[in-house]
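With the hints as your guide, set chain B onto chain A.
From first to last, the protein sequence lines stand for chains A and B.
Position 134, counted from 1, in the first sequence is what our numbering calls 134; the numbers after and before it change by one each time, with no gaps.
Counting from 1 along the second sequence, just add 177 to a position and that's the residue number in our numbering.
Worth flagging that the hints you see were computed from the coordinates, not collected in a lab.
One or more hints might be untrue.
[Claimed, not checked] Taking lysine-lysine and the DSSO-like style, the derived pairs with C-alpha atoms no more than 30 Å apart in a straight line are:
#1 B:243 / B:322
#2 B:485 / B:373
#3 B:322 / B:239
#4 A:174 / B:485
#5 B:239 / B:211
#6 A:132 / B:190
#7 A:9 / B:288
#8 A:9 / A:125
#9 B:322 / A:31
#10 B:190 / A:9
#11 B:288 / A:132
#12 A:31 / B:253
#13 A:149 / A:125
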Amino acid sequence: MIGIGIGFKWFIFVVAALVATGSSLMMVTRKNPIHSALWLIVTFFSVAILYVLLNATFIAVAQVMVYAGAIMMLVLFVIMLIHLEWGAQWKRKLSFAKLIGGVVTIMLFLQVLAGVFTYSDAGQKGVYSAQKLAQLGNARAVGTLLYGKYAFAFEIASILLLVGIVGAVLLARKRKD
Amino acid sequence: MESLYTLIEMVVKNIVVVLVLMGCVAYTTLLERKLLGRLQVRPGPNRVGPFGLLQPIADGVKSFFKEDIIPDEADKTLYVLAPGISLFAALSMFAVIPFGDTVTFLGRQVKLVVADLDTGLLYLLALATLGEYGVVLGGWASGNKYGVLGALRAAAQMISYEVALGLAVIGTIILAGSLNLRDIVSAQQGMWFVIKYPAGFLFYLVAGLAEINRTPFDMPESESELACGFNIEYSSMKFATFMIAEYAHMFTVAAIITTLFLGGWMGPWLPGPIWFLIKVFCVIFFFIWERGTYPRLRYDHIMQFGWKVLLPLTLANVVVTAALVAMGVL
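Chain A extracted, bound-state conformation:
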């Protein structure tokens, strides 16, 4: 019975991982910006499934709520509002920006590969095992850590967001001259 459970988990992992990779490829190759945004939502969802497989339900739901929900809705709203012409931005010409983007992408990819091949987590166990999480409750575990051990980092992040909001208000304000 346990064997079937693990096999099922493995199957879901493979499907979610393939969908995540495939949809992010679709995201960067679509001409229509709305379609790109939608593929990005699919990517976020499949990553959320991966979080669920790792027993991080809270992170998974937060991922769907914040990224797939609120932020992508805002992105869609902006794309619809400014009405980007379909495919007008699509040029086959190699520009300087694309060159830099390509180099950075390849560097990051090599970094990830190097990390995967040199460092291994296999067999290591953290403090928060599946049993402990089930007993403690997922939201409670995340909350205790965020407002206890990592309270400082958490507050710094919220101040950063606040600065962002103030900056946006300042930029959007009507000038009185």
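Frame of chain A; chain B shown alone:
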């Protein structure tokens, strides 16, 4: 064998919940038409069957046999997908809502909820956003300017009111000390949160109305200015799917209000699911009554109210509730 029984239990619960939900949704449409009729001093539909009780079936059959039109300008895939997204979100939201206590059935302890999630409340908020994608994409994919306007309004309204919606439930989380909806219902043993915490109830009611796009917040489909808005190009079964999704979403929001503030399935004498349905239909009655009473607000007023009134109030509400709980008053 145990896992087989669990699987059977899950499948049966899913099927029963979806069937009951669909039945309730069908008769909510009739209830709405009847009540709106009475509120406007006319009888409402009463021709099909006794008291018009077969009207939902007639509506379903009619829309099934209508011609299905896909506009030339439409983004075909998204146009077909959008009603499905709406319906999927509205149905799957119901999965975490507990409609009764644990019962013993054929010697098994069965929890009367499809998925007893630890983070159930967050799951509800997350899927509510997903449902709005159906409206936004449907409007945009129609390739119609009124459709796009409806979609834009839906997106803007959702971004504005989702914040207040999230903040309104934080007080409930503080009082119950849990995100699990079963725990929240159990915490209301003795006193419903609507009495203990009326502010949160009012905020959730207002933001919830905005979330399901009902009067006075039915901006995305305001027929007098946008000629039906996001669903302008939809016909036949796709239109019907949008309507079913809308009513299922309304039913779900009424169920959430029941769970969070009206003590869920709890009540004397009658079994849990019956109490649950009674309370849900009371909330739905309020939704219909309110639709028959209030006019639609102007769009900029809705935005101003959302950001300048509701958001500060709900924020202050979180602080005050937290302080009162910390001082031991609540």
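Broken hints, numbered, in rising order? none
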